[in-house]
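Spelled out from the first residue to the last, the chains are:
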Amino acid sequence: MKRTRWLVVATLLLITLALFFLPVARFPEDALGMLQGDIDKFTRRVEEYQATYDRYVAQGDPKEKLDKQQVKIDKAKATLNELLAEAEELKSGDAGGALKYSLLPGRLPAELQFDQMRINESKIYQANPEQYYLLVYLAFGLLAGALVLLLLGGGRLVSKLYTLSSILNLAGILVLLYAILRLKAFPILNPYADARLTGLQFPLLLLPLAALLISASGVRNTKRTMIYVLCTALSILSILPFWLMLVNATRSTYQIQQGMSLLPSTYFQSNLNILTGKQFDILVGFKNSAIIAFGATILSVYFSALTAYGLSVYNFKGSKFLYSFILAIIMIPGQVTATGFYMFMYRLNLINSYVPLIIPAIAAPGTVFFLKQYLSANLQLSLVEASRIDGAGEFLTFNKIVMPLMMPAMATMGIMAVIGSWNNYLTPLMLLSNPTMKTLPMMVKELRGDIYRTEYGSIYVGLSLTALPLMVVYFALSKYIIAGVAVGGVKE
Amino acid sequence: MEKPVAGTSGGRRKGLSKVNYNRYGYYFVAPFIIVFLIFQLYPIIFTFRTSVSDAIGWDKINNSVIIGFQNFKMYFDKSSPLFLDFWNSFGNTLLIWLANFIPQILMALVLASWFTDTRMRLNFRGGFKMLIFMPNIITAATIAVLFYSIFNYPIAPANSFLQQAGILHAPFEFFRSTTAARSIISFVQWWMWYGNTMIIMIAGIMGISPELYEAGLVDGCSSRQTFYRITLPLIKPILLFNLVTSMIGGLQMFDIPHLLTEGNPNKTTNTIARFIYQQAFTGSRNFNYASAASVILFIFIVMASLALFWVMRDRDPAARALRRAGK
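Protein chains in written order, with the numbering used here: chain A, 1 to 492; chain B, 493 to 819.
No lab work stands behind these hints: they were computed from the structure.
Accuracy of the hints is not assured; some may be wrong.
[To be verified] Here are the simulated DSS-like cross-link-like pairs (lysine-lysine), alpha carbons at most 30 Å apart as the crow flies:
#1 B:K552 - B:K759
#2 B:K552 - B:K570
#3 A:K91 - A:K72
#4 A:K479 - B:K565
#5 A:K65 - A:K77
#6 B:K728 - A:K445
#7 A:K75 - A:K100
#8 B:K570 - B:K728
#9 A:K320 - B:K759
#10 A:K41 - A:K75
#11 B:K570 - A:K223
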């Protein structure tokens, strides 16, 4: 590592360690907060009385009644004014003061007491200050360790110590972040209020982060390690929601209420029974989605191949224009014209029919574009001519000779088309209202409804059943899918 | 523009085949054109027509009358009942899109540059790519309901975790808070799409001629210089393409807001696509207002795409030359 870089990192870490000893939170005395409750009460009361008074006036009630009500209003107003004045005084005088708290060597001030009521309200939560202090020491230790390793590494160009130091630094930042978040959450009993973090929290977190970035970008091995850590974290982030879904699908409602878990349980069957007991017929949805997706895909791929072949082999009038036109319509925003599409289908009497979901797939400009690119790179026109000489008709040539040649590209586009059609939500939602025709994404919406309000486990079973087939397909074919996405994007 | 003359150009395609066979081209492209005209072009025209008609309710689908631009007044007259609704949804959509697109493109660029860095030679690139891209494949509807279940109130994994960790002492109603609801939608969109953008960026970078990188290596470029001087200028067209497609997709965002928050709290996560959907497919079926909103959105998308192409056009002749060299 370069000498200056090394010095900067060391200084940043040193400052961070020093910041541990400065007050990071305040616990203001919350007399004002207690007053606020009364103020709200009286404000409401004045409004109520005023409303009653107005009603009396409207009804034309006798004057005595009105006067009586007026007295009541005045009384309430006087009390309210008193309270407001008191609050004003408290605000201007900064009365009571606040207790300060620094992470080290700090302990929560003895005056603070935990609000047991708020802890009891949620059975999961525990306020354990001893555990908290350990956490702070751990954060300090990790960052101090990072500094020590860095110093040991000295000004050497490359050293394993730097990598280790960065790892400790990262761990320290995470523990520190957690400690600060947790500090804010301690439920403190009146008259003191919950922790208000001071501006110090930002340098406490940002300085070691800056140190981490500077040191990691300076040494290639360290950078590599940090990239691995980040990519692993992102991969976990991708999986975690699905993992939670699968795990919760096997847990009972009671277990889910008790808290989060990453380990599966044994209630899958009973959750599934509850789900099927509520008329959630996943097989029907599966069948409907499959009919639409595969129907649309076969048409889309076959006719796109036909069009691509027509464009690349025949030099007919307007073929160049047609190709530019197809490139232009790739960008047409589809959902924008949904209203017109729906009304037109209504006129054709094609509501509650799969025709408008399958037939339009024939015109897939993106697929045509990709297959045309593939053909111009892979098709020898001599092959077509040879087939003509042998007496094959044009369509026979296409079906028997050219199509097998295009299979890899057609498969890639086919997978993309199946997934796209399978995941489509808005178009079937508009067109299909018959419950027996519903597609899988439409059935998912039911899981959000009231009938599953307390059946947490079965919601996750339903979600898992809709997601699992796709996940299986994805893991089996990810190579082709990723290739399909890549060629789709690089169009210029 | 010039037409190839028989015999002089297209050596392979000369002679008997050219004259006899080219008319078959029409048969091959006919299904595409017919279906396109019926199912794509006509609905667009029909949407434009409905936007200037009085089509409210089922009966009017078959016999609406053109009444002029009155429907558009709904969205440009401050006193009309739909004015606020529409422009608020417009603002929400742009906000949510920006909040997911900016981190998405940055993350994708950074990851793509790492994954293609020849000097870094990361292992497990395929595995990382596969996992990071995965959320993009799963049905958006499923993901929306999944995140709804994860962030639900009062009992759901997110709240349980935050309470178990001691960060919250009472469950938090994510979908009652505007900031939280918008952030969750933006996060889900980011989470679903940054892998996709990354794959496209990687493909773009791989398409750059390796000779340029070799030249850079010989001249002693650092990784950073390579990225800023070679990679970034050369994938600008792909960045632009991605920006435009993402904008077109983002402005039509429907599935996630519709199933995750239903536009709540207080319509602050309502998007234009949801607004149009609600006008046309719920309540009194205001097909005309929905179409007018669609037309406004359509025009906005076209203008914005053109503006983006214009802003990002090549002004620097050196970059243009470099790109041509790269091909």
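For each hint, the structure was consulted:
The hinted pair formed by B:K552 and B:K759 meets the criterion: a straight-line CA distance of about 29 Å does not exceed 30 Å. Distance check on the hinted pair: B:K552 and B:K570 sit about 27 Å apart at the alpha-carbon level, within 30 Å; holds. Distance check on the hinted pair: A:K91 and A:K72 sit about 29 Å apart at the alpha-carbon level, within 30 Å; holds. This hinted pair does not check out: A:K479 and B:K565 have alpha carbons roughly 51 Å apart, beyond 30 Å.
With a CA separation close to 19 Å, the supplied pair A:K65 and A:K77 stays within the 30 Å bound. Annotation: proposed proximity of B:K728 to A:K445 is violated, straight-line Cα distance about 40 Å (limit 30 Å). Distance hint between A:K75 and A:K100 is unfulfilled; the C-alpha atoms sit about 41 Å from each other, more than 30 Å. Distance check on the hinted pair: B:K570 and B:K728 sit about 40 Å apart at the alpha-carbon level, beyond 30 Å; violated.
Taking the CA atoms of A:K320 and B:K759, the gap is near 47 Å; set against the 30 Å cutoff, the hint is violated. With a CA separation close to 14 Å, the supplied pair A:K41 and A:K75 stays within the 30 Å bound. At most 30 Å may separate the alpha-carbon atoms for a hinted pair to count; B:K570 and A:K223 exceed this at roughly 55 Å.
Of the numbered hints given earlier, the model fails hints 4, 6, 7, 8, 9 and 11; all others are met.
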